[in-house]
Amino acid sequence: MKTEVAYRGSTNITFSSPLLRDLRAIYTLWFRDIIRLWRDKLRLIGAFVQPLLFLFILGGGLKGRVLTAGNTHMNYQSFIFPGILAMSILFTASFAGIAVVWDREVGFLKEVLVAPLSRTAIVIGKVLGGSTNSLIQATILMGLTPVFGMHLSFWKVLMALGIMMMIAVSQTAMGIALSVRMSSSQGFMVLLNFIILPLYFLSGAMFPINGLPNWLSVLAHLDPVTYGVDLLRGVFLGLHYFSYPEDLIGVCLFGAVMSFLAIRLFNQESPS
Amino acid sequence: MVKVRHLKKIFYTGKGARTAVNGLDFDVRKGEFFALLGPNGAGKTTTISILSTILKPTEGTVSIDSLDVTQEPHRVRQKIGVIFQDPSLDDRLSAIENMDFHGRLYGMSSLQRKERIQFMLSTVDLWERRHDLVRTYSGGMRRRLEIARGLMHFPELLILDEPTIGLDPATRRTIWEYVHFARKEWGMTILLTTHYLEEAESADRLAIMNEGRFVALDTPENLKKQVGPEIVTLESDPDKIELIKSFLCEQFGIKEFRDERIGSFSFPLPADIGNAIHVVQKITVPIQAMTIRSPDLDDVFIQITGKGVSSSSEAASPFHRVYRGKL
Ligand SMILES: Nc1ncnc2c1ncn2[C@@H]1O[C@H](COP(=O)(O)OP(=O)(O)O)[C@@H](O)[C@H]1O
Ligand SMILES: [Mg+2]
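Residue numbers (the working numbering), protein chains in the order written: chain A, 1437 to 1708; chain B, 5 to 331.
Be a bit skeptical, because a hint or two may be false.
Here are the simulated SDA-like cross-link-like pairs (lysine to any residue), alpha carbons at most 20 angstroms apart as the crow flies [stated by the list, open to error]:
id, chain 1, residue 1, chain 2, residue 2
1, B, Lys118, A, Tyr1463
2, B, Lys118, A, Val1485
3, B, Lys244, B, Ser270
In short, the hints are calculated from the structure, not lab data.
Only chain A is shown next, with the shape it has when bound in the complex (with noise of 0.2 angstroms):
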């Protein structure tokens, strides 16, 4: 043992508030998933393939081929842009849930569990890791408009930053909110896959939502990511099936529901 290391450090570490330890808990749980998203830049990558393919093939398979929505013409592959986003973020937002199970199937949730944190401050952390990631691709995904002749003013993007920011944050919550008690990461992915396909073929991310038959309408209506999708293409295309304050009512409940489970539900797992 060398305990001749002359200096082993103060012992005394100075007690903060318990806000000011949380919010400093936070961002050392979310400075942990930027970290690991940069070392494992084959996810990073891997990420892209599928937004990719259905932009371009899908896209560009169904150019031309469907009326496109409310009679204006336009380039398919711009309309299904804004939905194409949104299946980014929806399915590496949801990866965070992934994140959650697969720390709790190495053991590593132990180690934050007994820290002096709030279970509040870890539900927060980690949704922020989450969305950053998801953000930072679908931010790298909306370069590509030029490609298909769509411009965007700084100012649009700014607001699909913040739209995108806000379904990122309903989506890892939901993640999150499902990972509770959930202990193999397979099973979370195959739970993942029921969720998350209907609710984004649900959402008039690749069709637009009037004049569906009835109960598909119905649907879309419950699905609380059409109003996302809704908005993000009124910003991008001007186009909006909704007003503007339903989609945000839509996006902000959403988002509001699922954080609450989240908190509520990490909470009851273990003791506070």
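Starting from the known structure of chain A, fit chain B with the ligands onto it as the hints suggest.
Chain B with the ligands in isolation, oriented as in the chain A frame:
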């Protein structure tokens, strides 16, 4: 430092209820080294999880430094360092990153973290490998890192759940040296669970746990005294063993035999009988070898529960003081 009253934990699973901890009462004094010894499934980890605020008790109360673990978990968490039975590192991060993450969560300043990380990682001999990802570490290195991390924030109470399981003797020794050093350094209290008997032997007090209850709680010395002063092992012709046993039972009233290898068995020598040699000389059947040793915790455990602590006897052997004489 630790006060446990009527602690009970029942797990409700799909297959029904399982009582993992069934009414524990104990105190651990400040600066004390307290050990919980018991076989797998005794309820040690469950007890530890309640103490470290990860599980809620079904019944009873636990307080640490007068803070109730369910009422003020935050303040309890700041005071404890936990080394879990199962791995709890992020193996996609390096040693330094794992330590830094920990230091930040416990509110250490950046200067403090820097100093402390260097000190702790050098102590457990990982400083050279500090930038390597934990996934490239061996089991022993991971364990050392976890112990360095658990001690990083100067916990007042260190909780160790089977900390040295699966480690080689050299690593085990290093870890214990540092834990004892830290104990002196800032008067840390230690709560250990183990099924390595020799680790429990150096504790101030020891509780033997079985099926969710304490079956004994005392100093290791007193517990050993309960067994009797000596354990005698005899070797003879395998066919004659039963004969010897019945002779010992008739003549000296010795009833607790434990079979060792074929042709060999042992028994605790009752205190009122006197010299073991004197006893053995009365046996008419030829005895090939006799070993006399002082009892260890394994003997205590067997006497109390009627069975051994699994996979512990081979580990305990270097600590027996064996006197071997051929008759
Ligand atoms: N989460 C759990 N759900 C159900 N049963 C559990 C759970 N954790 C532990 N147990 C049961 O409680 C008992 C005690 O387990 P544990 O505390 O891990 O023992 P030890 O650490 O002494 O080996 C065992 O029978 C175990 O199966
Ligand atoms: Mg255990």
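Evaluation of the provided hints:
Note on Lys118/B and Tyr1463/A: the hinted pairing holds, with a Cα-Cα distance of about 18 angstroms set against a maximum of 20 angstroms. For the given pair, Lys118/B sits about 41 angstroms from Val1485/A by alpha-carbon distance, which is inconsistent with the 20 angstroms threshold. The suggested pairing of Lys244/B with Ser270/B holds, with an alpha-carbon distance near 14 angstroms, which does not exceed 20 angstroms.
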